[in-house]
Amino acid sequence: AQSVTQLGSHVSVSEGALVLLRCNYSSSVPPYLFWYVQYPNQGLQLLLKYTSAATLVKGINGFEAEFKKSETSFHLTKPSAHMSDAAEYFCAVSDLVTGGGNKLTFGTGTQLKVEL
Amino acid sequence: EPEVTQTPSHQVTQMGQEVILRCVPISNHLYFYWYRQILGQKVEFLVSFYNNEISEKSEIFDDQFSVERPDGSNFTLKIRSTKLEDSAMYFCASSGTSGSHEQFFGPGTRLTVL
Numbered sequence: 001a002q003s004v005t006q007l008g009s010h011v012s013v014s015e016g017a018l019v020l021l022r023c024n025y026s027s028s029v030p031p032y033l034f035w036y037v038q039y040p041n042q043g044l045q046l047l048l049k050y051t052s053a054a055t056l057v058k059g060i061n062g063f064e065a066e067f068k069k070s071e072t073s074f075h076l077t078k079p080s081a082h083m084s085d086a087a088e089y090f091c092a093v094s095d096l097v098t099g100g101g102n103k104l105t106f107g108t109g110t111q112l113k114v115e116l
Numbered sequence: 117e118p119e120v121t122q123t124p125s126h127q128v129t130q131m132g133q134e135v136i137l138r139c140v141p142i143s144n145h146l147y148f149y150w151y152r153q154i155l156g157q158k159v160e161f162l163v164s165f166y167n168n169e170i171s172e173k174s175e176i177f178d179d180q181f182s183v184e185r186p187d188g189s190n191f192t193l194k195i196r197s198t199k200l201e202d203s204a205m206y207f208c209a210s211s212g213t214s215g216s217h218e219q220f221f222g223p224g225t226r227l228t229v230l
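The listed protein sequences correspond, in order, to chains A and B. Under the working numbering, the first sequence has 112 at position 112, and the numbering climbs by one with no breaks. Just remember that the working numbering sits 116 ahead of the position in the second sequence, which is counted from 1.
For reference, chain B alone in the conformation it holds in the complex:
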């Protein structure tokens, strides 16, 4: 069964450092998303991506964040200069053709900023 994969599973970084979180969505999906879940809190939407551009972003997704689909398979989230409050579980998701509303989630990357 196809699945969304994410690497790394855990990332520890120093405040101010750049991190790149990687995702491989399901191969025939067209819509890609990043969500995050701060420990003990709910899952929050960060950004959606379609047709090689951002279709929507939340207020959390400020200039320190960027997304890219550098090739036909990977979807990355970059945090330019990490802050302590960026510590969270980051989930990638993808969904299929237009009209399909089911999102398939990856296992997540736990980011710890020290």
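Here chain A stands alone, though its shape is the one from the complex:
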């Protein structure tokens, strides 16, 4: 079974500082990996996805993530944090289901706090 581990349930950074949110995956097949963001009282919004093309993936709002097979990692980064980045971030791995669709398995999430 595929799984995702997110290290650090809470991360706090200063505005303008580097954001690094960690995600490690476990998969028996080449994975599809995703980062979703959840703002308070809202649904999940896709930030970026890795689907076996370029290993460095750029997403919305200045975020990017690098797929490193040797480290089984897919860490999310942003060079300069903004107050509006404060939210919960979920890493997810896709499990392709024969016959249709793909189940997402989520990590436990990382709450990002951005301080002045």
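Derived by calculation from the structure, the hints in this document are not laboratory data. The reader is advised that the hints may include incorrect statements.
Unchecked claim - Simulated coverage check for chain B against chain A, where a stretch passes if three residues somewhere in it have a Cβ under 8 Å from a Cβ of chain A:
#: 1; stretch: 160–167
#: 2; stretch: 219–228
Said to hold, decoys possible - Cβ-Cβ distance ranges computed for the label pairs, FRET-style:
#: 3; chain 1: A; residue 1: P30; chain 2: B; residue 2: Q180; range: 34 to 40 Å
#: 4; chain 1: B; residue 1: T121; chain 2: A; residue 2: P30; range: 30 to 36 Å
#: 5; chain 1: A; residue 1: G8; chain 2: B; residue 2: T228; range: 40 to 46 Å
#: 6; chain 1: A; residue 1: L18; chain 2: B; residue 2: S197; range: 45 to 51 Å
#: 7; chain 1: B; residue 1: N168; chain 2: A; residue 2: K68; range: 36 to 42 Å
#: 8; chain 1: B; residue 1: E134; chain 2: A; residue 2: K68; range: 45 to 51 Å
#: 9; chain 1: A; residue 1: S28; chain 2: B; residue 2: K158; range: 19 to 25 Å
#: 10; chain 1: B; residue 1: T228; chain 2: A; residue 2: S26; range: 32 to 38 Å
#: 11; chain 1: B; residue 1: N167; chain 2: A; residue 2: Y39; range: 30 to 36 Å
#: 12; chain 1: A; residue 1: V29; chain 2: B; residue 2: S143; range: 28 to 34 Å
Just so it is clear, CB atoms sit at the ideal spot from N, CA and C, and this is done for glycine as well.
Based on these hints, arrange chain B on the given structure of chain A.
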């Protein structure tokens, strides 16, 4: 921009009652999903639905749960006899054609079972 919608946004019910959570997926999508998130916990997969049948379900999705696509637009999750532990945020998601792995999520329905 097309989006997934869910109704109601909040639902309060008594233990043992039936609830139906409703979702309108993006119109040209073919794959539909339900997930739930118990307060303070991670998002968990419940069920996927394709071609008018369940394609996969988790161990959470027992006989008390059912899904239906009663017409061309709605996708519903029914809980037959709610339990306290069913209290959670329920998210509907949809994805497009085969090979597209991006799922678009609705804003969720917060279910509270008393």
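Determine which of the earlier numbered hints do not hold for this structure and return their numbers in increasing order. Violated hint (a single one): 5; every other hint is consistent with the structure.
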